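K.L.:
Here is what each chain is made of, one letter per residue.
There are 2 protein chains.
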Amino acid sequence: MSTIEQPAAVALAALHPPRRYLFGPGPTMVHPRVYEALSKPIVGHLDPYFIEVMHDVQELLKAPYGVSQGATLVISGTGSAGMEAAVANFIDAGAKFAVFANGYFSDRLTEMAKRNGAIVVRFEKSWGETYSDDEARDFIQREKPNVVGFVHAETSTGALQPGRAICEAAHEAGALVIGDCVTSLGGLPVEFDETGIDVAYSCTQKGVSCPPGLSPMAMSQRAMEFLRARKTAPRSWYLDLKLIHDYSTVSHRYHHTAPISMFYALREALMVMAEEGLENRWERHRRCSKAFAKGIEALGLRMHVPERHRIPTLNTVCVPAGVEEGKVRKRLLDGPGIEIAGGFGPLAGKVFRIGVMGPLATEDNVQFFLSEFKKALSAEGYSV
Amino acid sequence: MSTIEQPAAVALAALHPPRRYLFGPGPTMVHPRVYEALSKPIVGHLDPYFIEVMHDVQELLKAPYGVSQGATLVISGTGSAGMEAAVANFIDAGAKFAVFANGYFSDRLTEMAKRNGAIVVRFEKSWGETYSDDEARDFIQREKPNVVGFVHAETSTGALQPGRAICEAAHEAGALVIGDCVTSLGGLPVEFDETGIDVAYSCTQKGVSCPPGLSPMAMSQRAMEFLRARKTAPRSWYLDLKLIHDYSTVSHRYHHTAPISMFYALREALMVMAEEGLENRWERHRRCSKAFAKGIEALGLRMHVPERHRIPTLNTVCVPAGVEEGKVRKRLLDGPGIEIAGGFGPLAGKVFRIGVMGPLATEDNVQFFLSEFKKALSAEGYSV
Numbered sequence: 021m022s023t024i025e026q027p028a029a030v031a032l033a034a035l036h037p038p039r040r041y042l043f044g045p046g047p048t049m050v051h052p053r054v055y056e057a058l059s060k061p062i063v064g065h066l067d068p069y070f071i072e073v074m075h076d077v078q079e080l081l082k083a084p085y086g087v088s089q090g091a092t093l094v095i096s097g098t099g100s101a102g103m104e105a106a107v108a109n110f111i112d113a114g115a116k117f118a119v120f121a122n123g124y125f126s127d128r129l130t131e132m133a134k135r136n137g138a139i140v141v142r143f144e145k146s147w148g149e150t151y152s153d154d155e156a157r158d159f160i161q162r163e164k165p166n167v168v169g170f171v172h173a174e175t176s177t178g179a180l181q182p183g184r185a186i187c188e189a190a191h192e193a194g195a196l197v198i199g200d201c202v203t204s205l206g207g208l209p210v211e212f213d214e215t216g217i218d219v220a221y222s223c224t225q226k227g228v229s230c231p232p233g234l235s236p237m238a239m240s241q242r243a244m245e246f247l248r249a250r251k252t253a254p255r256s257w258y259l260d261l262k263l264i265h266d267y268s269t270v271s272h273r274y275h276h277t278a279p280i281s282m283f284y285a286l287r288e289a290l291m292v293m294a295e296e297g298l299e300n301r302w303e304r305h306r307r308c309s310k311a312f313a314k315g316i317e318a319l320g321l322r323m324h325v326p327e328r329h330r331i332p333t334l335n336t337v338c339v340p341a342g343v344e345e346g347k348v349r350k351r352l353l354d355g356p357g358i359e360i361a362g363g364f365g366p367l368a369g370k371v372f373r374i375g376v377m378g379p380l381a382t383e384d385n386v387q388f389f390l391s392e393f394k395k396a397l398s399a400e401g402y403s404v
Numbered sequence: 021m022s023t024i025e026q027p028a029a030v031a032l033a034a035l036h037p038p039r040r041y042l043f044g045p046g047p048t049m050v051h052p053r054v055y056e057a058l059s060k061p062i063v064g065h066l067d068p069y070f071i072e073v074m075h076d077v078q079e080l081l082k083a084p085y086g087v088s089q090g091a092t093l094v095i096s097g098t099g100s101a102g103m104e105a106a107v108a109n110f111i112d113a114g115a116k117f118a119v120f121a122n123g124y125f126s127d128r129l130t131e132m133a134k135r136n137g138a139i140v141v142r143f144e145k146s147w148g149e150t151y152s153d154d155e156a157r158d159f160i161q162r163e164k165p166n167v168v169g170f171v172h173a174e175t176s177t178g179a180l181q182p183g184r185a186i187c188e189a190a191h192e193a194g195a196l197v198i199g200d201c202v203t204s205l206g207g208l209p210v211e212f213d214e215t216g217i218d219v220a221y222s223c224t225q226k227g228v229s230c231p232p233g234l235s236p237m238a239m240s241q242r243a244m245e246f247l248r249a250r251k252t253a254p255r256s257w258y259l260d261l262k263l264i265h266d267y268s269t270v271s272h273r274y275h276h277t278a279p280i281s282m283f284y285a286l287r288e289a290l291m292v293m294a295e296e297g298l299e300n301r302w303e304r305h306r307r308c309s310k311a312f313a314k315g316i317e318a319l320g321l322r323m324h325v326p327e328r329h330r331i332p333t334l335n336t337v338c339v340p341a342g343v344e345e346g347k348v349r350k351r352l353l354d355g356p357g358i359e360i361a362g363g364f365g366p367l368a369g370k371v372f373r374i375g376v377m378g379p380l381a382t383e384d385n386v387q388f389f390l391s392e393f394k395k396a397l398s399a400e401g402y403s404v
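Order-wise, the sequence lines are chains A and B. Its first residue numbered 21, the first sequence is counted upward by one per residue in the working numbering. Its first residue numbered 21, the second sequence is counted upward by one per residue in the working numbering.
Source of the hints: derived by calculation from the structure; they are not laboratory data. Don't take each hint at face value.
A pair counts as met if it fits within one copy or between any two copies, since identical chains are not told apart.
[What the hints assert, rightly or not] Computed list of lysine to aspartate or glutamate pairs in DMTMM-like fashion (alpha-carbon distance at most 25 Å, straight line):
1. K262 x D76
2. K314 x D384
3. K395 x E383
4. K370 x E359
5. K251 x D112
6. K394 x E245
7. K262 x D384
8. K347 x D266
9. K347 x E295
10. K134 x E317
11. K314 x E192
12. K314 x E299
13. K116 x D153
14. K347 x E72
15. K370 x D153
16. K314 x D127
17. K370 x E317
18. K134 x D112
19. K314 x E344
20. K262 x E131
21. K395 x E296
Source: prediction; values computed, not measured.
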């Protein structure tokens with residue numbers, strides 16, 4: 021018998037999370053209906069009701085992804101698990117992987133692909149820059165890769181990379197395209213089919229405004245064909261998309277025990293989204309993005325990314341000279357309970373990353389944020 | 021702009037899961053306090069409050085695991101993600117992995133290790149059998165593996181495998197030991213330190229009685245040393261235990277966005293467990309296991325595993341001749357809403373798998389189950 025007892029455990033305080041305004045790059049605020057869904061009684065992972073829930077989620081994901089031909093499915097892990105699933109299933113050892121490298125998440129893609137044994141070639145740009153159609157085509161035509169990776173909405177920089185030219189050039193070269201849609205799904209159009217992406221992954225805690233824990237994915241017919249034609253199993257069993265697709269869509273044969281409550285929550289978040297209407301939702305985010313940038317400029321501050329390349333849901337604001345960004349963030353968190361994030365990598369100390377997504381994307385909330393932001397900046401020595 | 025609209029989506033019924041009695045091998049019933057925790061407002065994954073929650077969870081896991089020297093941490097995926105983390109971090113390509121193969125989950129371990137490039141040697145036994153100390157030692161001394169794997173409580177068979185002799189022999193041979201504790205943690209003593217396990221993984225939805233979605237792990241000092249000494253990164257980035265340990269315990273540097281709500285739920289489930297007291301909880305499960313087996317035998321049925329090798333929380337009952345197990349299960353689900361599972365692999369059609377865990381592990385619930393089980397069996401032609 022174990023001799024370890026746990027008096028300290030029982031003495032722990034009851035769970036009582038502080039109330040935060042989540043203006044960071046995610047997680048975002050969550051609709052009360054989604055919290056309610058989380059607390060519904062669970063059923064088994066092979067229960068006919070849960071199979072229906074998985075099916076509903078897959079259907080509900082099609083519109084925000086812009087998928088009609090391909091398949092949607094959900095990985096039982098966070099957005100990074102989706103990224104690893106994309107890498108593990110589509111970039112085999114020895115494959116040539118061409119990455120548009122302009123931020124942290126393209127670095128993560130690079131790292132995962134290298135660990136999987138791929139040969140990675142990178143088109144480097146400064147964090148926050150994007151690629152023109154010509155640049156994208158030249159790179160792909162020159163490198164002739166097996167797989168191309170780009171980040172649609174780069175959370176670390178606030179820059180949006182259109183994918184159409186990338187996908188066209190990749191398909192001409194016979195390559196598949198992996199698109200990181202972690203920060204775009206639900207907050208702005210992904211246009212999966214129209215863009216020509218083959219494999220996309222996202223998360224639940226940004227544009228979808230659900231708590232984190234799952235990774236919704238989309239696969240084109242071409243990607244499905246690649247999976248069917250695979251001669252060897254991918255290195256990851258947990259993230260084996262053929263097995264997961266079979267469990268969730270085809271045979272419903274046991275693969276793993278899906279996170280039931282998280283699926284309830286995701287279904288509800290997607291219902292909330294569908295009821296609002298995607299066009300309305302995207303327009304709301306665009307409107308707030310403009311109001312936000314206008315307010316930032318009125319404070320004498322500068323946005324890091326030029327207007328035409330901005331992600332409407334995630335803003336990077338340059339830290340003004342003489343201000344320590346960490347202190348501003350701490351002040352916002354300790355005072356009004358506002359969470360925002362700082363930059364990292366080459367942007368460490370140089371930008372604030374401020375999300376205006378989901379329930380917080382209203383004009384009132386933007387004004388509330390700007391007013392608190394101004395106070396915190398002033399208290400840290402910045403004068404408007 | 022995407023042309024795909026979602027009228028069907030909005031027309032979906034509201035989420036309204038049926039009420040189930042989860043007598044399967046997991047997920048189990050969930051305490052109301054855990055559901056309440058799930059619906060608490062989220063904070064960010066780098067918020068000081070969340071760091072505290074992660075810390076609390078790690079501390080609360082030590083007693084049920086029986087860890088005092090090593091580390092506990094939580095993987096953001098289900099039990100199978102924990103299994104894959106163990107394989108990816110401790111069984112490198114070319115390593116020799118010796119598996120005690122007496123059920124489905126040792127097959128899954130085998131599959132994962134092979135995908136990771138390991139040389140796997142297996143000690144095969146029929147599903148439901150266990151290994152004596154001498155058999156365990158002989159196998160390890162003969163094979164001289166780098167890593168040994170065994171399943172403490174085999175969900176597919178109902179058999180419990182003691183680990184002490186395995187661990188002693190493995191350590192003498194200089195091997196690390198991976199112990200699958202998916203069905204044991206929280207329902208029976210794991211005795212991680214005393215047994216000498218180096219790497220253990222579990223899930224949240226069995227003995228811990230929380231919804232599925234996370235994998236609590238434990239690592240010995242020896243395992244931590246192995247990680248520190250690694251010269252190459254493991255193939256999986258998402259499941260890289262050095263990075264996860266750093267995020268959750270040391271620097272709190274961003275690795276991935278942890279599933280906040282699930283951590284709230286796990287903390288609460290572990291609090292419920294700590295308040296009951298582990299000895300009380302284990303004794304309650306043992307008592308119910310005996311009452312269950314007695315009731316089963318009184319129905320003229322046979323348990324698949326001899327009494328001394330049974331998992332107290334998960335029972336395998338032989339399907340009586342002439343009865344179709346799938347029909348009995350359907351009848352239980354459609355009628356009183358009771359979920360149980362069937363066997364699979366070599367035990368397909370031959371056993372029922374019936375969990376008596378967590379909130380359902382009371383004498384009253386055992387009697388309720390037995391009475392409904394008897395009705396369903398009778399309706400399918402079995403006469404007591």
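K.L.:
Now tell me if each hint is right for this structure.
P.N.:
Hint-by-hint comparison with the structure:
Taking the shortest Cα distances, K262 and D76 sit within 25 Å of each other inside one copy (20 Å), while across copies they are farther apart (37 Å). For a Cα distance limit of 25 Å, the shortest separation of K314 from D384 inside one copy, 14 Å, qualifies, whereas the shortest one across copies, 65 Å, does not. Taking the shortest alpha-carbon separations for K395 and E383, only the intra-copy value of 19 Å comes in at or below 25 Å, while the best inter-copy value is 61 Å. Within a single copy, K370 and E359 get their C-alpha atoms as close as 17 Å, which meets the 25 Å cut-off; across copies the closest is 55 Å, which misses it.
Taking CA atoms no more than 25 Å apart as the test, K251 paired with D112 passes in both settings, with 11 Å inside one copy and 22 Å between copies. With identical chains, the CA atoms of K394 and E245 are never at most 25 Å apart, being 53 Å at best within one copy and 48 Å at best between copies. When the C-alpha separation of K262 and D384 is checked against a cutoff of 25 Å, the pair qualifies neither within a copy, at 45 Å, nor between copies, at 43 Å. Taking the shortest alpha-carbon separations for K347 and D266, only the inter-copy value of 24 Å comes in at or below 25 Å, while the best intra-copy value is 49 Å.
Taking the shortest alpha-carbon separations for K347 and E295, neither the intra-copy value of 40 Å nor the inter-copy value of 40 Å comes in at or below 25 Å. In this assembly of identical chains, the alpha carbons of K134 and E317 never lie at most 25 Å apart, being 41 Å within a copy and 57 Å across copies at closest. Proximity of K314 and E192 under a CA criterion of 25 Å is satisfied in neither setting, with 41 Å inside one chain copy and 69 Å between copies. Within a single copy, K314 and E299 get their C-alpha atoms as close as 22 Å, which meets the 25 Å cut-off; across copies the closest is 62 Å, which misses it.
Taking identical chains as interchangeable, the C-alpha atoms of K116 and D153 lie at most 25 Å apart only when both belong to the same chain, with a minimum of 21 Å there against 49 Å between chains. Taking the shortest alpha-carbon separations for K347 and E72, only the inter-copy value of 21 Å comes in at or below 25 Å, while the best intra-copy value is 48 Å. Proximity of K370 to D153 under the C-alpha cut-off of 25 Å is found in neither arrangement, the shortest distances being 28 Å within a copy and 61 Å between copies. Taking the shortest alpha-carbon separations for K314 and D127, neither the intra-copy value of 31 Å nor the inter-copy value of 59 Å comes in at or below 25 Å.
Taking CA atoms no more than 25 Å apart as the test, K370 paired with E317 passes inside one copy only; the shortest distance there is 16 Å, against 71 Å between copies. For a Cα distance limit of 25 Å, the shortest separation of K134 from D112 qualifies both inside one copy, at 10 Å, and across copies, at 16 Å. For the homomeric pair K314 and E344, the shortest alpha-carbon distance inside one copy (23 Å) is at most 25 Å, but the shortest distance between copies (69 Å) is not. Taking CA atoms no more than 25 Å apart as the test, K262 paired with E131 passes in both settings, with 23 Å inside one copy and 15 Å between copies.
In this assembly of identical chains, the alpha carbons of K395 and E296 never lie at most 25 Å apart, being 33 Å within a copy and 48 Å across copies at closest.
Comparing the model with each numbered hint stated earlier shows that hints 6, 7, 9, 10, 11, 15, 16 and 21 do not hold.
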